[in-house]
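Peer 1: Here is how the chains run, residue by residue.
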Amino acid sequence: MIESTLSELESRAAASIDAAATPDSLETARVEFLGRKGALASIGKDMGKLPPDQRAAVGKLLNAVKQSIESRFDARKAIFGKAALDSRLAAEWLDVTRPAPGVRPGSLHPLTLIQRELEEYFTSLGFAVVDGPEVETEWHNFDALNIPATHPARDAQDTFWVEGGHVLRTHTSPVQVRAMEKFGAPLRIIAPGRVFRNEEVDASHEHTFYQLEGMMIDRDVSIAHMLYFMKGLLEAIFSREVTVRLRPGFFPFVEPGFELDIKCLICGGPGCPVCKQSGWVELLPCGLVHPNVLRAGGIDPGHWNGFAFGLGLTRLVMMRYAIDDIRHLASGDLRFLRQF
Amino acid sequence: MKFSYNWLSELLDGALPGPAELTRLITMKTAECEGVELFAPALAHAVAARVLEVTPIEGSLNVQARIDAGPLHGIKQVVCGAPNCRAGLVAAYLPAGAELDGRVIRKVTISGVESDGMLASAAELAINRDHSGVLEIDVEPGSPLPGLAPDHVIEVDNKSLTHRPDLWGHYGMAREIAAITGAKLKDPVKASLLPAGEPLYKVEIEDHSLSPRYSALVFENVTVQPSPLWLQARLEAAGMNAINNIVDVTNYIAAELAEPMHAFDADKLQGNTIYVRRAKTGEPYDALNGESYTLDPRHLVIADSGGAIALAGVIGGAGSAINGETTRIVLESANFDAACIRKTSAGMKLRTDASMRFEKAQDPNNTVRALARAIELFEIVSPGIRLRGGLIDNFKAPPAPAPITLPMDWLIRKLGRPIEAAEVRAILESLEFGVAEPTPGVFEVTVPSWRATKDVTIKDDLLEEVGRMVGYSSIPPEPPLKPVERPWVNHERLFHHDLRQKAAAQGFTETYNYSFVSEAMAARFGFTPDQHVHVLNPISVEQSLMRISLLPGIHKNIVDNARYSDEFRLFEIGNEIHKRQGNGLPHEVPHLMAAFHTKADGQAAFFELKRLAECLMPGCETVPTSSFGYEHPARSAAITWRGRQAGRIFELHPSLVESGRASILDVNLAVLSELGPEPKRYQPLRRFPSSSFDLSVVAGLRELTGELGRRIRAAAGANCDSVEFLYSYQGQPLPGDKQSLSYRITVSAPDHTLSNEELTGIRSAIIEALKAAGYELRG
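So the sequences go chain by chain: P and S. The first sequence maps to residues 44 to 383 in my numbering. The second sequence maps to residues 427 to 1205 in my numbering.
The following block holds chain S by itself, in its conformation from the complex (with noise of 0.2 Å):
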């Protein structure tokens, strides 16, 4: 929401401060504001001057105009480029000095003529947007525009609107001002203007709950035309557009009194009845912006005995519009359910000036204030226009609220500082709340109606009125004097910061990866669409779906960094997100993802992935199983720990990843949590030494280490320490097909010192064993 400060000025008695610090005072109490600029400040130096002469310039479109720029400025050279600039013509004249978009005009030579100024078109000096030629104006050359001058523009964010009704005009704004600074607020309004009489429309209303009110005025010898130029410079200023003169009266009392208001052509409306009702199924609907809707019984609509004439609170109908030939007009301003209005811009894709204001829920008594701020007006835009009847008005009252209580003891333990009934009542009136006293200590606070739709209804409301006012700065930190106690421990948040540190000691890097994914990125690693909890409204293809797995975000990290590095560790801990059965919350399972890459030996890599597991999970087995497309085929397995599946380990298929080989690893952290922590239990230590020997066993190429250690550990029997995989040998005198495999055996016993015998036995034992299941071993 744009505000003019010329405009806040017009509504306040007594001295404002300046632009930039009045920003901060709002931004500091009311709302925040997201900047001030200066406005249209070409009009200071603007003055009217009238063209004398007109002389082509050869080659150029562009002409000479000798002007009279008045007394101060005399007589003048300039070109211009207007194709209204012509002999006889009072435009507007820019002098060197003035200043244009940000930029000084200069003396400066176009088109081989020297040019000394400019004149200017409305839309260079901030007036509206016409751009078709020099603003033609009807004063005295020398004179300065009449009723325009520079402005500043304060911009309010409209999210910090959205409790505040009163706050979507300049009204409602300086009444804030006035309790910020002490000025005077000045009611801009004469309800004596308001015609008595009988009315020439009825209005019935279907649902007072969806239109509390409905509330119009008939103009006849109405003329259509350009408003004048301080008005179309306001609404500039306030970010609207101007129209003509009618259009332009609605839009600048919504500006200022946030009453969104819509004149109808008189003389295209059928009957004397106004309907405010719910559409009708497929009942169709032009509208004032071209478009065609089809609309239902949740759309609320305004209707003559033809049909729909607007959708109410929304956007006018294409066929009761005015136009330059409107001579009658019935001006509604009316009231509807913000709920309602709401719904039905969300539901139709159209945001309207009106529709912002009204589903905010706005003051169902700024009906008439608002038709009597038009009569005013219209009297200005519309010279010789005349009311026909009386004032028509459909109003049922909802209930008034009951007044809020607001004991001074509770403000203050949740102020949190000591504060003066009296400063309290002195800041509720001059927000103009109603406060009385019935018992001492206990205000009973009345809301006055701009505030009292939705906005303020508890006394933690007023709590916010005061706490503003008085500054928030004003109240001291304090320390809850309350009991503590030993938090609830997280301890799966804590196991995952816990493995963070390990992944990283280890030499990992922790990414953090996007939870969306795409179906081509999903299909690269043979997920489809169907297994994925899908976005409805994603920002882009890029992510329509929530991960399964953390892989593809791994395997970008993966690639990209390949681009600068040949070898790299990085991680992520992130949720993958499953769907589930029913309409219950997906599941969101808990991964811890690593990666290795490197332009070397993929061996190397899968064995770097392998030493992280085993940090991160000591005592981890892996379990060769059948492959996953996205996995190389002879290079991956299943992680086992503790009995439980907990992940999986394996090369990346070496057509994911061209710049070299990268493995993976992927742990679920639901599997581990549940395991909980290893207990821990102290085992006494061998006060005996042991001892050990080595043995190396023939076995197949494809012979599985950790296989071959356990048979050898199972063999070994209870004194058995350790089996220790040392070196794997191939080549002569060993034939092709076979491998040696050497392993350090360590064994020892809790109660003496195993004896040459027993020592022998054990290794009998296990060469028995092996020999028994048909190894050979080497000498």
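Here chain P stands alone, though its shape is the one from the complex (with noise of 0.2 Å):
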């Protein structure tokens, strides 16, 4: 008799809560089934009218009843809370395309950017990076290395010329003597800065510019050792084949002195503003460095050698970039500088 009753309220109950299309119905049908008035309840409370061996039966009966309408209950509840925080995101819709407010990191110069590079790579092999004044000694500059007043290569080196007999440095290279002056041999230095030629301004050209000076001194370098760093130079810049040459060159303070060229990076080959046409340019001259500029830099050739070599750094960015006019470097111009 009471388990018809059970059945049946399970039923009812069943299909109240399915019904119920609402949070608030839900609720009504809750109270009425499961309430603390509610008819489980009553039936509940009629317990003890039944005869003492039934009571264990039907009470457990009645909560087997009570968990199904409960948990018939809480799916129902869960799907109506799903649905209401669904219908609450979905309100919080946001624009994603919209710019985000805020000021955006500036960029630094291409021309910082590979001389930190540069100077990561050369720390890793041992090399020291060392800084020379912009405004140097015409001995430093010059005769110190190799090139005294009467040298024809000076024609080479266009030079601003500033009071007192000094020159603005028309390559990093006095550098090297600063640096053996400083630490004697064995030695592993590199010098990234700004050079200067008295030369007119135009797309290939610029009366301002940067090198990085490189020199190791040691026992006994050979051609070899400095190929081996020049290469290795080359695939940390470009992280690509290049194709190079290495050929006789002249410069005073090296004996033997190389160009090495690479094949124009910005034509390819065929010729372009940037490689004079040639189709080559010119990125590192290097060499043994000469025994006379050891000895300036008060160390003595029959004990040491090295090679040197000086990096046009800003030829390098515009391989790197392919930047067609040099202008753009000392530009100023946000338009160039923020695309780095």
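It is worth saying that the hints were derived from the structure and are not from the lab. Some clues are possibly wrong.
Unchecked claim - If you want the footprint, here are the derived chain S segments under chain P, 3+ residues with CB under 8 Å:
# : stretch
1 : 607-616
2 : 839-848
Said to hold, decoys possible - With a straight-line Cα cutoff of 30 Å, these simulated DSBU-like cross-link-like pairs (lysine-lysine) come out:
#  : chain 1 : residue 1 : chain 2 : residue 2
3  : P       : Lys274    : S       : Lys455
4  : S       : Lys1025   : S       : Lys928
5  : S       : Lys885    : P       : Lys225
6  : P       : Lys306    : S       : Lys1005
7  : P       : Lys125    : P       : Lys88
8  : S       : Lys585    : S       : Lys880
9  : S       : Lys428    : S       : Lys769
10 : S       : Lys1106   : S       : Lys1036
11 : P       : Lys225    : S       : Lys694
12 : P       : Lys319    : S       : Lys585
13 : P       : Lys319    : S       : Lys455
14 : P       : Lys319    : S       : Lys775
15 : S       : Lys822    : S       : Lys769
16 : S       : Lys585    : P       : Lys306
17 : S       : Lys1106   : S       : Lys928
18 : S       : Lys428    : P       : Lys319
19 : S       : Lys1036   : S       : Lys928
20 : P       : Lys103    : P       : Lys88
21 : S       : Lys775    : S       : Lys428
22 : S       : Lys585    : P       : Lys274
23 : S       : Lys1005   : P       : Lys274
24 : P       : Lys92     : P       : Lys80
25 : P       : Lys306    : S       : Lys1025
For every residue, glycine included, the Cβ atom is placed at its ideal position computed from N, Cα and C.
The task is to assemble the complex, starting from two chains supplied on their own in separate frames and drawing on the hints.
Peer 2: What follows is the structure, encoded as structure tokens:
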């Protein structure tokens, strides 16, 4: 008798819960069946009227029905909860394509980027990064580098002279001498920096540009050793195959002297203003340090020798980023600078 | 230096690579070639043609000419504008299809008349620079132009020849080519032609260190006339002007043997002694170029008893120059000290073909070789010419340099690859070095005279000879097996990189500006020229001073960029260059300068820069000071950090920025480097909670927020964690000349939670102190 009442109650409760279309009607159903004064509670109160031998069985059945209704209710409630959350989240729609407010980081000059990269590369190989003055003594810029006043090689470097008989350094090579004076041998240094030549400015000439000097002094340093560093340097810079050629080059401070050219990365060879129509770009003059330069730096060429190179950083930056006009670099034009 | 491929070929026996390949080989083994160009290609097609008949063309200055161009081309009609076009003339004819100046000649109609090919001038054919009319020749119609053919010109970068006196002539380059290709070098000089016997002139050399050798010959029965066309064409290919047969031969020999020569008109010389001496102070000199110079003892002259007749090794004199009437010449072939020539030529700004060669230190043995060559060539260009007297030659040979010791093991260690002694010997001998091997494995190398003047003096020079000839591409790169030590650390540079990174993170983009400023630029900022280091030879007035501030450059960046953008941030790290007393190097002081430009509010711009300053120098303070002329007088401050003056922050004076407002931060990085990184030490975290309370202080409108904050902090005592400015307020109920400044004070104690009594105590202490200082507090 009570079993059939419970079974009928369970069916009704299920129908009510399933029929509840809103959280409110679901709550009404809950109160009706599960509330303190609900249907199940009133049956529970009547339990005492049952003969004791039936109470356990009916109690168990009552619990089972209660749990069944509760879990049906919970499931239904969860559906409403999820729908409510879904609709709230849907209302929080965001136009994700709107620009984000706030200041963007600025960018560093491409010459800074390349200097930092090369400084890290050479530091990892045991080279110190040293600086020298931009206004140099004539002695450091020329004489100590085996370029006496009467040497025609002075013509090759159109020099800015300033008061006091000093020059705006025409290359970073005087730092070789300063480093030898400061550190002695053995020595591994690079010296990136600003240099000056008295030249009219056009798409491929600047009166102000950047070089990176390098020097290694040790015992029995060979051309093969020099090539090892030059090759590693180019690989580090370009991270790709570049065609190079090494040919004789004359610089009074090295003997023998070389020019290391790379195939022009702007035009790929047929010729353009950057490579002066030659297809090759002189990038890396280098050589074994001339004994007179070692002497000028206070190092005995009988015991020590080494190599030196002067990398054209400005050229390199132009090759790396395919910049076809050198004037952009000192233009201060943010439309250019922000690209890096 | 321009090299004619045909000329080089004449000096060599054996097959040569083509012009392009030869150019590449020279670049890879000897000196940098700037390029190779086909020269005078029209000569491949040019033939002689006789003008049969000339008819005027109405309404045109041109004429119509019927010509006989020989059996191959037959009778043609051409239109010609040359004044010398006349019947009977034999001229150079270029048929249709020939190439001229990179374009192909076609049958065209000119002035209404058909023209089938053209009659060409010598300049058009690239024989010389004569544009005055068509080239007149004396050969059968239809024959090619005698001795003339297309050529290739290889241009070698002069800078790469600075150390090679021998390569300023074709013969020297031919020697290199012989060593590179295995072809055999042919010496064009017949020394046997030099005359024996008593010379007509005596030579007195005052100082043999300035002129080791002076040689000369005397010629008579000279006819000064144009050179044969082949000679003119050679000079043209080598980049020189044909002038007359005598001058042309001297130029030809300079381009062939690298020995500059000079011909004097013998009838214009006084006495029979030639002097090589220093010029006298104030000695006047009229040069061939029409200029007059006043000389002094730094200059070396050639003189007769009447005075200077040539500026030695640089330029001949006007008074002794040859001309059409000349019949007797003295031909000088001398050797001069390179440094002396260079100083004279540089000092007088006279760069001549002669000085360019002498300043490279020419071989004194070459003087008589050049004279022997001249005898042969003069006989060709001036038939009937005769030598008079024997060779004039004053020579004090410098001591022969000792042979260079070249140990094979040293050579291999420096080269970084193995090489057989036999190969080393073969290379050196192909370049005409003398090689002996007194001890096995050690060469004694004798340097040929044309390399011994300056170029090759030590074994390192021989390493280069061997290296370039084996080819540098044959040396495999190899890592050195040397101990590596941790390199010295350049803290300053790392610090600058760090600052760049921080500035960029705050939105500032890095620029690089020139180290130069103009006087006008400097003047805009109140800098006077005498504050600056001057460039003595600036390219233009724009670059005459070295910057003493980054401001002119940054200001230019602001003005330039304001044309494209309303709001932007930029910065530069660079050196200020300051004059120093005495002759020491200037003082280079690294600075960071940053700028923010906006169309909007100048206050925002200012605080944008202050934010950057605080990012770069945490805890720095802005101290109001008097302003510079370029600063907004009410918006400028000094920046102090860790007790040092570290820079300035200011809005640019509005008169300097028309496009908006710009604020500037200028930091002296030398000061920052001296301060070094701020020492960092952990402070125990407070274990007990802190408490905060706010105070609003009524103050004058120009009360400094920072000052007042410091006052509060001082009054708050040891338990004060921070005093934070919140906001300011003006308006009701405050009087118009007052504002209220609100601060949040945070306090805590290291060992207990502050009690209400303690909090009230701190608060009261602050209020008391402020009241005592004359401030009121708002509810």
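Peer 1: For every hint, state whether the structure bears it out.
Peer 2: For each hint, the structure was consulted:
For the stretch 607-616 of chain S, the proposed coverage by chain P is not satisfied: 0 residues have a C-beta within less than 8 Å of a C-beta in that chain, short of the threshold of three. Beta-carbon proximity to chain P at under 8 Å applies to 5 residues in the stretch 839-848 of chain S; the threshold of 3 is reached and the given coverage holds. At most 30 Å may separate the alpha-carbon atoms for a hinted pair to count; Lys274/P and Lys455/S meet this at roughly 20 Å. The suggested pairing of Lys1025/S with Lys928/S holds, with an alpha-carbon distance near 25 Å, which does not exceed 30 Å.
Distance check on the hinted pair: Lys885/S and Lys225/P sit about 28 Å apart at the alpha-carbon level, within 30 Å; holds. The hinted pair formed by Lys306/P and Lys1005/S fails the criterion: a straight-line CA distance of about 43 Å is larger than 30 Å. Pair hint Lys125/P plus Lys88/P does not hold up; C-alpha atoms about 36 Å apart against a cutoff of 30 Å. A hinted pair counts as satisfied when its Cα atoms are at most 30 Å apart, and Lys585/S with Lys880/S qualifies at roughly 16 Å.
Taking the CA atoms of Lys428/S and Lys769/S, the gap is near 25 Å; set against the 30 Å cutoff, the hint holds. With a C-alpha separation of about 23 Å, the suggested pairing of Lys1106/S with Lys1036/S holds against the 30 Å cut-off. Proposed proximity of Lys225/P and Lys694/S is contradicted: the alpha carbons are some 62 Å apart, above 30 Å. For the given pair, Lys319/P sits about 16 Å from Lys585/S by alpha-carbon distance, which is consistent with the 30 Å threshold.
For the given pair, Lys319/P sits about 21 Å from Lys455/S by alpha-carbon distance, which is consistent with the 30 Å threshold. Only pairs whose Cα atoms come within 30 Å are accepted, and Lys319/P paired with Lys775/S is accepted, the gap being roughly 28 Å. The suggested pairing of Lys822/S with Lys769/S holds, with an alpha-carbon distance near 23 Å, which does not exceed 30 Å. Pair hint Lys585/S plus Lys306/P holds up; C-alpha atoms about 21 Å apart against a cutoff of 30 Å.
Using a Cα cut-off of 30 Å, the hinted pair Lys1106/S and Lys928/S holds, with the two alpha carbons roughly 19 Å apart. Proximity of Lys428/S to Lys319/P is assessed by CA-CA distance (about 18 Å); at most 30 Å being required, the pair is judged to hold. Under the criterion of a C-alpha separation no larger than 30 Å, the hint pairing Lys1036/S with Lys928/S is consistent with the structure, at around 14 Å. Taken as a hint, the Lys103/P and Lys88/P pair is honoured in the structure, with Cα atoms around 14 Å apart against an allowance of 30 Å.
Taking the CA atoms of Lys775/S and Lys428/S, the gap is near 22 Å; set against the 30 Å cutoff, the hint holds. Proximity of Lys585/S to Lys274/P is assessed by CA-CA distance (about 26 Å); at most 30 Å being required, the pair is judged to hold. This hinted pair does not check out: Lys1005/S and Lys274/P have alpha carbons roughly 42 Å apart, beyond 30 Å. Taking the CA atoms of Lys92/P and Lys80/P, the gap is about 18 Å. The hint holds against a cut of 30 Å.
Between Lys306/P and Lys1025/S the alpha-carbon distance is near 46 Å, which puts this suggested pair outside the 30 Å criterion.
Consistency note: the structure conflicts with the earlier hints numbered 1, 6, 7, 11, 23 and 25.
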